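Starting from the known structure of chain P, arrange chain Z on it as the hints suggest.
Note that the protein sequences, when read in sequence, are chains P and Z.
Residues 0 to 416 (numbering that gives the first Met the number 0) are what the first sequence spells out, left to right.
Residues 0 to 416 (numbering that gives the first Met the number 0) are what the second sequence spells out, left to right.
Think of the hints as simulated: they come from the structure by calculation, not from any bench.
All of these numbers come straight from a predicted model, not from anything done at the bench.
There are no misleading hints in this set.
Chain copies aren't distinguished; within one or between two, either way the pair holds.
With a cut-off of at most 20 Å between alpha-carbon atoms, the simulated PhoX-like pairs for lysine-lysine come out as follows:
no.: 1; residue 1: Lys214; residue 2: Lys156
no.: 2; residue 1: Lys214; residue 2: Lys244
no.: 3; residue 1: Lys51; residue 2: Lys61
Protein chains: 2
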Amino acid sequence: MSKVYNTEIISVGTELLLGHVTNTDARDISEMLSKIGINVKYHTVVGDNPEKLRDCVEIAKKRADIIITTGGLGPTCDDLTKQVLASAFGLELVENKAEMDTIYEYIKGGKKVTPNNYIQAMLPEGCTVFHNDWGTAPGCAFEAEGKTVLMFPGPPKECVAMFKALGLPYLKKLSDEQIVSHSIHMFGIGESAVDYMFRDEMNKMSNPTMAPYAKECDCLLQITAKAKSEEEAEKMIAPVMEEAKARLGDYVYGIDVDTIEQRVIELLKAKHMCFAAAESCTGGDIARRFTDIPGASAVFKGGVVSYTNEVKAKVLGIDPALIEEKGAVSYEVAKEMAERVKELCGADIGVSVTGLAGPDGDGVHEVGTVFVGLAADKTYVRELHLGTYRTRSFIRQMSGNHVYDMMRRYLCGLDIL
Amino acid sequence: MSKVYNTEIISVGTELLLGHVTNTDARDISEMLSKIGINVKYHTVVGDNPEKLRDCVEIAKKRADIIITTGGLGPTCDDLTKQVLASAFGLELVENKAEMDTIYEYIKGGKKVTPNNYIQAMLPEGCTVFHNDWGTAPGCAFEAEGKTVLMFPGPPKECVAMFKALGLPYLKKLSDEQIVSHSIHMFGIGESAVDYMFRDEMNKMSNPTMAPYAKECDCLLQITAKAKSEEEAEKMIAPVMEEAKARLGDYVYGIDVDTIEQRVIELLKAKHMCFAAAESCTGGDIARRFTDIPGASAVFKGGVVSYTNEVKAKVLGIDPALIEEKGAVSYEVAKEMAERVKELCGADIGVSVTGLAGPDGDGVHEVGTVFVGLAADKTYVRELHLGTYRTRSFIRQMSGNHVYDMMRRYLCGLDIL
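Here chain P stands alone, though its shape is the one from the complex (with noise of 0.2 Å):
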């Protein structure tokens, strides 16, 4: 049996306690942490305080085997991670001459380098450097009284490519075992429903094991196997989840991917065709979305976002008469919004989206009524009812996911609706 190495993620920084900053590196490094099968126990967050955060160190000291810290470690005097981690283990700082050779071509190349810059090529004696390819301030990563610690600097761009690109691969030679995890990811099936299916064969695994989660609109399930190798726990995972995703089917959008619209921009890719989307309610949500993800322009034309009955006319080109008749929240809308943006921005696929996010009704519908079209060979319209009591940026969001679906069920050449 291999060791079980018991977790504890310490966050330094006085703005998260302040709330002016969200911990996602705690998250980022989490997701990352479980996909290697190593288990987060506790997440701590502390402010810039020496006393306060060396008291955390001492309690995770008793009750994790690994400890991470994220931020802290840049330098201002505010910055004492690296000082307050080091005397928990009764370790020195010493000069690193790498890091303060980089430190001094800084200075020469003619960036602003405060007196303090100095401190952070002061790293614990005989820790591993982590050197920071996307800020200053390095990382490190010791091992002592039996723990393994490791740090890296708060800014989540820089912590979370520095933890990806060096904290992981050390703490995958940790084990002697390897763990491979695998996601399955669904729509339009919810957790607990996935839960109901495979309860029965949940309960009785243990080498691979299956656990459904949720996330906010959609769900999946990963599969998780420990083995000697690599390639071992690949093997022991493939029939599971080939019988897992048989089971469920349709619902499934793709296997290790973070969103629905990263698997659309894989089959655009595939069969070279592209989008344009038409949007009220979502207010450019689905552009946004979209083009978050570098290479979207490969797929994506562009779109119109008419957010006013105006714009629906003068630049979608629909007849007035038509929005006064029926509604701009209508299915006769959705169908002309998308099938006009595909013609006007020459797209080989229209989508569209006409609802209400809320709070406020407009006195005909429930807030959560939400008509969500697709125009390609044929003009497909979903009538969704999202529910009253959801959030604008719920109704949002899940709107975006069903034109995200309705493409996918398209390009796969499932049914639509």
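Frame of chain P, contents of chain Z only:
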């Protein structure tokens, strides 16, 4: 002197430790508490494990006066927060009649109620019940062993709404002092510059206090006063606020506003003006951010996501020869985009963004090169170089902030460029 209430927020949920969900509850509660002068000292995240949660509660009892929990109040067998907290303080759970009636109402109304739903109506003896108008699981508060304990459900919408409506008033009553805090929000100046500008005063001040904080694309200066009454605290803040605002000048976009776009909505409404947006590299994000705010439709006509040159030409009507000659990322194209979208959508103001959000370049410009335009009576274009090392999402967000900053300056009659 009033007592200082050190606070710990314990968020319960294995999904947080797996990285499937971000701990926005702790952030939002922290932000609300900081505004009434209650210091959050720790955030802890722990899984759905009663022994581990109990240990965390014991730690919190030693270092905090107020313990706030989020999550684990639902009807499933995983939901054990109330049981653990009650037992940690030697309290029994007793049936609450009003909450039991609510559950019977659900059942009568035909809602699916699991056999475990009634557990939600079991609450610590003598507690103050926080009825949940946004979901089903009630929260509660009690005082025991000199500590104040508050519990809220995990779903962010329920947690934040309940904390605001019920938790904050409950906590405000604890103090015989009133704490009032206001924030000056700025764009175009960094936290360190603000810190430098006010360093001398800040070092001398004790009540009110003043502190600058960085947000991702802008920053704020928070002024906080303690007094016997809110009125008195407000009086103490007023002259400091006036002086700070005067020194910060044009950089200030609002007081106590969440975002610059919120301020722009107010200004547009006051002037009975509306705008439209033509977006390339922001890909709909400007429209999305604006329409995230309820009531945006009164001042936002809509827009065009002109992600490709084809859409710039076909939908916006920009001469392809101009795009060919100057390039899509250029002063001239930004100018045309703003002017055309204004005309096309029948708006008073047209704004535009065209640039390189990366990670790939176009062989001509550096990543982070962005042109943002505003067309009204005249047309203005800013050329930005946001930095090659910046992320795609930063570049998109910062470009949006520049657009909103130009609109704010235009609407306030300030210099725009």
